[in-house]
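Undergrad: Residue strings, one per chain:
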Amino acid sequence: MAYMETIKLETTFEGMHDVTQEVQDVIRKSGIQEGIAVINCNHTTAGIIITSFWDKRGHVDIQEELDKLIPLRYDYRHDFDTPTDAAGHIKSAICGTGMTLIVHEGRAMLGSSQGILFCEFDGPRSRKFFVKVIPDL
Amino acid sequence: MDRKSYDNSLLRQAMSMERYAKIVYDAVLPQVEKLPMKEVWDAQKIFISGCGDSWLAGIAAKAAFESVTKIETNPMRAIEFSRILSNKNLGYSPNTPLVILISFSGSGSRVVECARRCNKYGANTIAITNNPDSLLGKECRYCICTGLPKGDEYQPGLITYNASMITLFLIALRIGRVRNKISYLECEDMQKELLEHISRCQKEYEGFAERAFAIAQRWKDLKAEDFIGDYSDYATAYFGSAKVIECFGGYTTYDDSEDWCHINYFLSDPERIGRVVVANEDTPSYKRLKETIAAVKILQSPCVIISDAKKEEFPDTMEVFSFPKAKYFWMQPLVQHIPFDMIAGYIAEIKGIPNFRKDDERYAAMGDQRSGEIVVL
Amino acid sequence: MVFTKEYELVTGRDLLTKITSKVDEAIKESGIKDGIVVVETRYSTAGILKISRHGEEILDDIVREMRRIVPARINYYHQDSPENAAGHIKSALYGSSVSLILKDGRLYCEDSQDLYFAEYDGPRNRTYAVCVMGEKA
Amino acid sequence: MKHSDYTSSMLEQVRNSVKDIETIAEKETFEFFENCVPYDIVKKIGNVLITGCGDSYCAAVATKPVFENADTSTKTGMVPGTPTSAFRNIEFSRYFNTYGGWNPLTNERNALLVISISGSPARVNEAALRIKKHGGTAIAFTANPEGKLAGNCDCVIPMVLPDYDLAPNVTSYYSSVFSLMMFGFYMSKAKAQLSEKQAQACREGLLEYVKSYDEETMERLSVQCFELAKKWEEDGVDNMDFIGDGPDYATAFFGSAKMVESFGGLTTNDDSEDWCHINYFIKDSDHVGTFVVANEDSPAFSREVETIKLASMIRKHVVVITDCDKDIFPENVEIIKVPKPRSVWMHPLMEHIPLDFVAGYIGCWRGRMPFRSGEEPYCQDGNASRFRNSEIEIL
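Protein chains in written order, with this note's numbering: chain A, 161 to 297; chain B, 10 to 386; chain C, 25 to 161; chain D, 1032 to 1426.
Note that these hints are calculated values from the structure, not bench results. Hints may contain errors.
Below 16 Å or equal to it, Euclidean Cα-Cα: the simulated EDC-like pairs (lysine to aspartate or glutamate) are [as the list claims (entries may be wrong)]:
1) B/Lys190 with A/Asp239
2) B/Lys296 with B/Glu280
3) B/Lys190 with C/Asp135
4) B/Lys299 with D/Glu1424
5) B/Lys190 with C/Asp38
6) D/Lys1340 with B/Glu27
7) B/Lys232 with D/Asp1269
8) D/Lys1314 with B/Glu370
9) B/Lys306 with D/Glu1424
10) B/Lys129 with A/Glu170
11) D/Lys1347 with D/Glu1424
12) B/Lys190 with A/Asp235
13) D/Lys1163 with D/Glu1139
14) B/Lys79 with A/Glu170
15) D/Lys1347 with B/Asp369
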């Protein structure tokens, strides 16, 4: 039986929020040993990525480099909201809003330095994302 | 009767408006320029709130905010903002809405309540106050001090009303500039024009005072004053009514040009009700206002018209206070309340009634506005 | 001898205003035939550019690329307005003066290039100066 | 003479309110609204704008919460409704988005509810034409489905209006309020913000509230208001001050308008906070009558209680219209107790009744013609060309 849970979090402005433990907890709670886990968030100015947790200053680098690639310009065509929102849409599209993980022996198979990050490209906001764990047939 | 012996606070304040405007302008401009660009951008909606005159300053500045920033702007009664407004309107997106809270002393319970409610839901707040160390100044994310010298004469509020408006206008210009809705040239010109329009009008006041005194003598025994104005000019009308009450406790009522025709047209004893209409030539409802003035004429009420149009535009039985045209129409509320302030001030002085019913000890029951209960919903 | 003349103009948003004829006028007025011409503006959100004469579309490309390299971001440390903050940088990077060689009463670049006043935060009232140094013939 | 010996068209309207609303309700069912404004039009409404002149503007203010909070919860709400604004007619037709500019992204999601019983004033027609010019939908609430306004709107809700002689209108107000509230439920139902069952419960709650103004209650209110009005006439009360917050401000405003229409009385109105800053200082406090609408579940109730205390210290004639018990208020204020509805937003439909009674009785004594008809100088504009023939400008 597949298992799904919604995880809520309060983000900060351009915050990088470690959600590795939350995801692992859902997988553990599901009781599923072998299968896949799908993570997705339903926001367009946030993203979910995997990156190294060896040095957390690297997370700031990610936001900074993204900001250089996709600056908070005020003259995007999408000017209905704010520059942060317009740039956030692009950052989110590039990073992706979810991923699929392999579940093995009751855990997501992540490398020793890998972790899952919820990236806020606007914020502070109330956010949520979904984790669904599906067992092998 | 010698006008000089009927000097009063509102008149003195009106006469020194230019000087105070300069003080406020110089104090506020550098503070406004420090408002961060990102937060200015994040404002998708603006609320302006405060009690009494401060709320009116918000209404007076609504047209300015809309024309200069192109952001939806809602002046709101303090109690509506803190208790009635649904919290869905607060903090639904980062730093939005932008809430501007106005209080000269910064200590009234209700505005503090508004600020705390914003903080609870994540709205961005700017306080406009003369006391940055006040509770309001501390609760808000940004505090703009109007910089009026302590201890001068500010009651009943006139200079403080103007200070709020000047500050609001400068904030609007800052937002418009950051969002590139007005160019540098326009912004510079508007800033300059703010003070220049006040100076230009100041020259008229000596003559206005003369006429105001004559009107005050005729109007002192009227039953009530009825004020009419639309949109931003509704603030001018409402403000006039507030001054009547503060100065001599007179009976007043107010409405817009359309609803007046449906309701207040029917007030009894029209010949004993003084009517005041604010009708500017460039306002979109100017023709409507003129129709309303025609209806006032039917009733033969004594009538004062405040306008930037020529005297000849209106029936000759009516007293017209013509103001110089403002280069930017939204600046008119800065000055147009002056004629009726003068009239109210003179009536009070002629009748010998002190401001805020200080002659009647029962009214002292009001006590301190700070003591009210604060409820954060 | 040294001859200096100041000119005024009203700019538009992102507008490149051709000033070649004014420079020529200053040179003629000075009567100098050989030497150096300097064109400079003293504003920090404007500049003087020397641009190829090969078609109007080059001007559009230049404006677009200048904006791409220095976007009008809302998160500069300098917090006047996005256009203004970017304008300071554009002015510094792209230069606010040019020096030209004057030979036999003609500008060395006369056949191939035009001089432009570049506005980075307009519209505004601006001035620039042309200075001609050299020997009268 | 007893209170019931006095009759006038206005008093008749008040006395028959319950019966009349029930007649209206019989016709105005959910099916009725569905026939007037089909589901697919209602569903795409993203922004409700309500406007009208005079009383109709009051009805807009009174019913705003119903649209905003589909769940019609008692406190400021959480459940998504539809963003709603109430406009003074002149503000909508001349100023709304005039300076800020219209937003093409949301224009077609705007729906303007224009309220006018006769449909003839220029300004309401102007408003309807304006919203259509900018891509929105105009929905008329009118008792004259053949009238000008109906012709200018995309959809028409033909209101049922009982027949009375010319008088300051009370029927038009409660029928507007009821129709708007019902339309609010219908819209929330169509947008699936309320379930079929919840919408029905809202309607039933409302009708139950109407019924709670039973004969006994009406009799009590009539007597109390009669005595009150008599006392005020004797004491020479010559100015009335009305206080209310949020939807209750509509009641205060409406009450003040009725005094003007009925006998030309001088009135003013304000909210409970600003009253303390301004109207508190009105002179001659012994001759000012003050009405405060203060219901227990109103989010502003605690402020209203403070304001009532203040008012009672300076004024002799303070009347509180409330659904809660006497003991919370100072002793020297007169309490007019009105029935408590299931939810606080229902109040504006009925709580104006005491004010209407006062206006009606004083109107009888002063012997003024309704709307001063036939009286000089008012009659010089007898056919109300001041608002019927006003020039229409569509901005």
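Undergrad: Starting from the hint list further up, note which numbers the structure goes against and sort them upward.
TA: Hints 2, 3, 6, 9, 11 and 14 contradicted; others consistent.
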